[in-house]
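**Student:** Protein chains in written order, with this note's numbering: chain A, 1 to 376; chain B, 1 to 90.
Incorrect hints may have been included.
Stated by the list, open to error - Taking lysine to aspartate or glutamate and the DMTMM-like style, the derived pairs with C-alpha atoms no more than 20 Å apart in a straight line are: (1) A:166 x A:313; (2) B:27 x A:155; (3) B:27 x A:127; (4) B:73 x B:29; (5) B:27 x A:95; (6) B:27 x A:92; (7) A:166 x A:155; (8) A:166 x A:197; (9) B:73 x B:89; (10) B:27 x A:313; (11) B:27 x A:177; (12) B:73 x B:20; (13) B:27 x A:206.
Simulated from the structure, these hints should not be mistaken for lab results.
So you can see what is in the structure, the chains are spelled out below.
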Amino acid sequence: MDTAVATTVDDAVRRIASYGLPGAPPEPPIETVADEWPAILGQVVHHRLTGLATAASDAGALPLPADQQSELLTHHREAMVCALFLERDLVDVGEAFEVAEIDHVVLKGPAVARVGYPDPSWRPFGDVDVLVPSDRFDAACVVLSYLGYRRTFVDPRPRFSARFGKGAAHVGSDGLEVDLHRLLADGPFGYWIDHDEVLHSTTSIELGGRPFLRLDDTALVLHACLHAVLGGPRPTLLQLRDIAQLSTREDVRWNELAEWARRWRLRAVLERAFDLVERGFGEWALPEATRSFRRSLWPSPRERRVLRACAEERFRGERDWASLRALQGVRAKASYAGALVFPGREFIRSRTGSGGWSGYLRRWRIPVGSMTARSR
Amino acid sequence: MSSRSYRRAPDVLWRNVGADVILTRPKTETIAELSESGAEVWRLLEHQSTARDVAARFEGFSHAAAEIEAGVKALLDDLVWRGYCSRDDR
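Bound-form chain A, shown alone (with noise of 0.2 Å):
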């Protein structure tokens, strides 16, 4: 693909992306040419647009000849398809949790879909992710085995999701996954925020007939700039489009999550978060009250140093050492590091392929890899 085509497609996305936000200057409709509609149709998928891409199409800014739209339908129809059945999960996973007496928090795809959004239909989400407190974590994961899910990772030493990591991921019978958080984030920043105040960010909503607890919406934009910043290598347009629409809510308490950035160093974060929702969008996309917010941000250098290494530095092993230094207390530092260093045979051989100790020197060639770096 030439460069003028790419960029015509990236342009067509990012307007699909950010279609429908408050604030949004006047624009002709997105035009696309057939021959760049695949490509654009791909993006779409991949970045879980297709409930944007369908609004605009049916508002009239993304007109589409009848063949573009019946493919984008079946896309979007996919998508819904398993939104639904994913609330329907969510439903039996609610009424579990309930009669096992552990408090459970509904995070991003169904709560974001139905309160950020105009129609819930705008945004997709392929799995559902709930956050419990850290010392139901394990009785939530049986619950969750009783309920036929099984998790989808080998912990490197029993329990070490449940003591030091985000949470974990689970598949069901019929494919479909619930994650399951006992943190926001990895890593140190897992590790600052004070969780117990996050759970008690929290307001109702009802899903299903029946009620369920979801972020308030302060939290909501704080959970969404961490996601996007450090869930992954990069975010999808998705992502960035969550922090942009809920940071238009007009309950966001922007004082008290300032005070949480600073408490829990969390300020590079929720930097770079708007940093990429105002270069992927434009400075219009964010309203005047989070741009303020953002100018009122002072990240510290270790701040910023400690970002790194949980972005663009995670698989090297910086995430790790990050993590160690981070956690409190000289047996939880053993623990981390031996259960890293030297990780279960099944976790090894699920990583590497070998349980033996061509599997170990592999998996040993990330932490020497990371520590030759730093002795130079």
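Once you've looked at the hints, dock chain B against the given chain A.
**Tutor:** Relative to chain A, chain B alone:
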């Protein structure tokens, strides 16, 4: 017949897909799909309504009012039977 009022079942899960609507409920394996006018009826059920109230929103269509009301009622009764709606006698 029009004294009966209908509303969406509280546990129904649904989404717009373009002009259509898809629906499901907890503990079920099926997805129902309402296309175009059926989907429009569903959207009009945001508040409890009689078949006549809903049918009135379709005035101007080429069919007679009584015919539209009968069609709307048949759809709503089917949705009740499938558990997506509930019906109250006023």
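**Student:** None of the hints should be skipped; say for each whether it holds.
**Tutor:** Status of the hints after comparison with the structure:
1. A:166 x A:313: This hinted pair holds, its Cα atoms lying about 18 Å apart.
2. B:27 x A:155: Status violated; Cα separation ~32 Å.
3. B:27 x A:127: Cα-Cα ~18 Å, so holds.
4. B:73 x B:29: Not satisfied, since the Cα-Cα distance of roughly 26 Å exceeds 20 Å.
5. B:27 x A:95: holds (12 Å)
6. B:27 x A:92: holds (8 Å)
7. A:166 x A:155: holds (12 Å)
8. A:166 x A:197: holds (16 Å)
9. B:73 x B:89: Satisfied, since the Cα-Cα distance of roughly 14 Å is no more than 20 Å.
10. B:27 x A:313: violated (44 Å)
11. B:27 x A:177: With Cα atoms ~17 Å apart, residue 27 of chain B and residue 177 of chain A stay inside 20 Å; holds.
12. B:73 x B:20: holds (19 Å)
13. B:27 x A:206: The hint holds at about 17 Å.
Checked against the numbered hints listed earlier, the structure breaks hints 2, 4, 10; every other hint is satisfied.
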